[in-house]
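A.B. asks: Listed below are the residues making up each chain.
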Amino acid sequence: MQDALSWGGIILRILQQFLPVWIALIATFALSLRFKRHLGLFGKLFDSPVGMIGLALVLFWVFTALFANMIITMDPIGQFGRTKNPLPGLPLTGVENPPYPYFLLGGDHLARDVFSRMVMGAREVLKIAPFATAFAFMVGVTLGLPAGYFGGKLDTALSFLANLVLAFPVILLFYLLVTPEIRDTGIPVYLAAVLFIFPVIFTCTVLNSRFHTDPPKRNLMIGVTLVIGLWAYSGLAFNLDPLGIWSMGPNLLNVFVSVVFVNAPTVFRIVRGLVLDIKARDYVAAGQTRGESAWYIMLWEILPNARGPLIVDFCLRIGYTTILLGTLGFFGLGVTPESPDWGSTINAGRKLLLLYPHAAIVPALALMSLVLGLNLLADGLREESLKD
Amino acid sequence: MLKFLIRRISVMIFTALVLTFVVFFLTNLPPNLEKLARSEGSVRMTDDAVASWIVENGHGGPLLGRYAEWLGLAPGWTLTDEKGVTRGRCIDVYAEAGSAPTFCGILQGNWGISTFAKEPVGDVLGRSLGATGWLMFWVMMVMVPASLVIGILSGMREGARTDRVLSVFSIASTATPEYVSGVILLAVFASVNAGLSPLLRDWGLLSDRTLFYGTATSAMDKITFWNFALPVMTIALYGIGYISRMTRASMTEVMTQQYIRTARLKGVRFRDVVLRHALRNALIAPFTVIMLQFPWLLNGVVITELLFNYKGFGWTLVQAAGNNDIDLLLGCSVVAVLVVLITQLISDIGYVFLNPRIRLA
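Protein chains in written order, with our numbering: chain A, 1 to 388; chain B, 1 to 361.
No lab work stands behind these hints: they were computed from the structure. Everything numeric in this text was worked out from a predicted model, so none of it was measured. Mixed in with the good hints there might be a few duds.
Straight-line distance between alpha carbons at most 30 Å, and here's what the computed DSS-like set of lysine-lysine pairs gives [to be verified]:
1. 222/B / 351/A
2. 279/A / 44/A
3. 311/B / 351/A
4. 351/A / 118/B
Okay, the calculated bits of chain A under chain B, using three or more residues with CB under 8 Å as the criterion [what the hints assert, rightly or not]:
5. 196 to 207
6. 321 to 328
7. 357 to 366
8. 370 to 377
If you want the ones that stay clear, here's a sample from chain A, every Cβ over 12 Å from chain B, calculated [as the list claims (entries may be wrong)]:
9. 41
10. 211
11. 232
12. 338
Heads up, the beta-carbon is just placed ideally off N, CA and C, and yes, glycines get one too.
Let the sequences and hints guide you as you build the complete structure.
C.D. replies: Take a look at the structure:
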């Protein structure tokens with residue numbers, strides 16, 4: 001019978017488990033600091049301490065998600081030993097060939113390792129949040145640019161739709177949209193069919209407006225985009241990919257679609273506001289006088305000049321999406337019940353919170369540190385992009 | 001102004017109609033009705049029995065018609081079965097078949113019957129909104145003064161040490177959603193064998209098992225500091241970060257204005273410049289933010305009431321959704337949508353009143 005680890009021992013062993021992350025972090029920071037004058041906005045981030053701390057926190061979780069297989073000590077879904085809710089540092093007993101001698105941060109009510117679940121949870125969260133945010137941005141940008149630029153009836157209609165979604169309480173929407181019954185009706189697939197086509201439309205318009213004077217080049221680029229885009233589209237939205245590379249489970253699709261749906265109207269409003277501001281500038285008037293097409297002006301004149309606030313908002317929005325995903329998990333509407341994502345783990349841990357807080361505290365602190373990192377990063381980016 | 005109000009309110013009513021229709025549509029999807037039939041009738045019903053149950057209980061027919069019935073614009077459904085007993089939407093409520101009114105929707109004040117609580121939805125909503133009202137009241141009492149003070153202190157000298165410290169605090173608190181701060185607060189202050197309580201017990205300062213109560217259920221009868229402080233702080237923390245960031249931004253902008261420099265140059269003390277000249281102008285933006293914060297507070301309320309087992313509006317909404325209680329869920333969404341829309345309207349009107357530079361044509 002081994003003794004339980006002291007807190008010092010636990011911390012040492014955790015630091016040791018995270019070794020690949022430390023190496024990757026130090027390498028990234030050393031390289032970035034060395035070449036920071038050549039890295040544009042990213043390099044300037046290293047002039048602001050707040051931005052550096054934020055970047056370090058975010059990269060920590062990104063690398064944790066990448067190297068999760070090397071960091072975990074036990075199978076995140078497996079149950080180990082007979083003790084329920086083992087406290088942090090307790091040795092794992094009663095198992096032949098234990099994968100690791102201790103529960104580093106304790107175990108949950110099914111004797112699953114909290115530390116490994118937290119590490120795997122990072123992968124679950126970072127698999128969804130950035131992509132959902134990117135999709136929401138594609139939708140918001142594709143609709144917000146013409147709404148702001150053309151104005152008129154189009155703007156009125158789109159703004160009304162956006163306000164409609166924004167007036168819907170998020171929780172209610174999740175409860176109505178993310179249920180097994182809704183999945184049977186196919187509504188998530190219809191929503192996905194609408195939302196997922198936007199990246200394809202966006203990329204095609206970007207290419208067409210730039211290269212329409214050079215048809216062979218344009219046809220090649222748009223053709224490649226269409227093939228890859230529609231291939232991914234068929235797989236992600238309808239699960240009909242003939243090669244089976246792009247696919248998304250029905251639960252995941254449902255969660256993904258709802259998160260994109262909630263985020264897109266806010267992005268739309270931000271983009272629309274930026275366009276209204278920028279379209280009065282001289283370079284836009286110059287483009288119009290040259291006879292450039294409306295979409296060229298929107299995508300190649302206005303959008304690049306709106307990138308500062310959009311990049312900042314993108315960082316903030318990934319954090320917000322992480323919070324939303326956690327909310328879904330907290331209400332038990334997450335991907336699967338045993339999924340190690342942080343929201344579901346907090347939800348599972350809260351039942352015994354007053355007796356064994358460790359099972360809920362660990363993922364809670366993990367989620368908080370990731371969102372804090374993203375917020376600090378956004379703050380640093382805002383500060384640095386305002387300087388010039 | 002009047003024209004603006006009329007236009008805003010008509011858009012608002014239209015929005016409310018569309019949103020309630022969406023909720024009506026989503027809660028009345030065939031799989032949801034089947035689930036309702038099986039939970040109200042019996043689990044082992046055949047598919048045919050389920051189909052006829054749906055029709056006999058007024059859930060058949062075109063969706064728009066049923067929505068109009070629910071609104072009170074179309075006559076409620078009635079059905080006389082083979083035994084000659086007449087049932088119907090309005091008859092269930094008013095007991096007698098003969099004297100029942102033809103129309104009974106929410107416009108007539110009839111919100112339907114909750115299948116989960118077995119009482120009229122209006123009663124359930126009234127009770128739970130009362131409970132949530134107290135929660136919101138104390139949240140506002142904590143959140144608004146705290147966030148304004150933090151925002152003004154950090155915004156009046158941008159870049160000073162106070163500003164740095166307070167900004168980090170507010171960024172950290174916006175990064176802490178309610179389910180995280182609630183869990184942390186519970187573990188620190190209300191856990192039997194972690195956090196402060198065991199420590200205080202060892203020192204002999206605490207005779208109870210824990211410092212604060214882990215649930216707020218007892219606050220339904222009597223609100224005390226010990227059972228209500230944690231839920232209030234859980235909701236307020238997230239909002240404090242956000243509102244104080246907005247106040248800070250607005251305060252720093254005001255502090256760079258010409259009239260502040262003029263006041264400083266003519267020798268007014270810094271304290272008086274902040275309190276007399278800057279403050280009033282800096283509070284316009286936070287006002288709208290506080291108003292627009294209500295929809296988000298609703299999220300916080302749902303999470304917190306679930307976490308602390310406080311049977312208010314959020315708790316009711318979760319139960320309604322979890323038990324597929326269509327009428328109750330519709331009632332909850334009407335309330336939620338109205339709260340959102342009315343606060344938006346107040347924020348718009350308040351902005352016009354507070355900011356003399358805006359004139360409506």
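A.B. asks: Which hints, by number, does the structure contradict?
C.D. replies: Of the numbered hints, just 5 does not hold.
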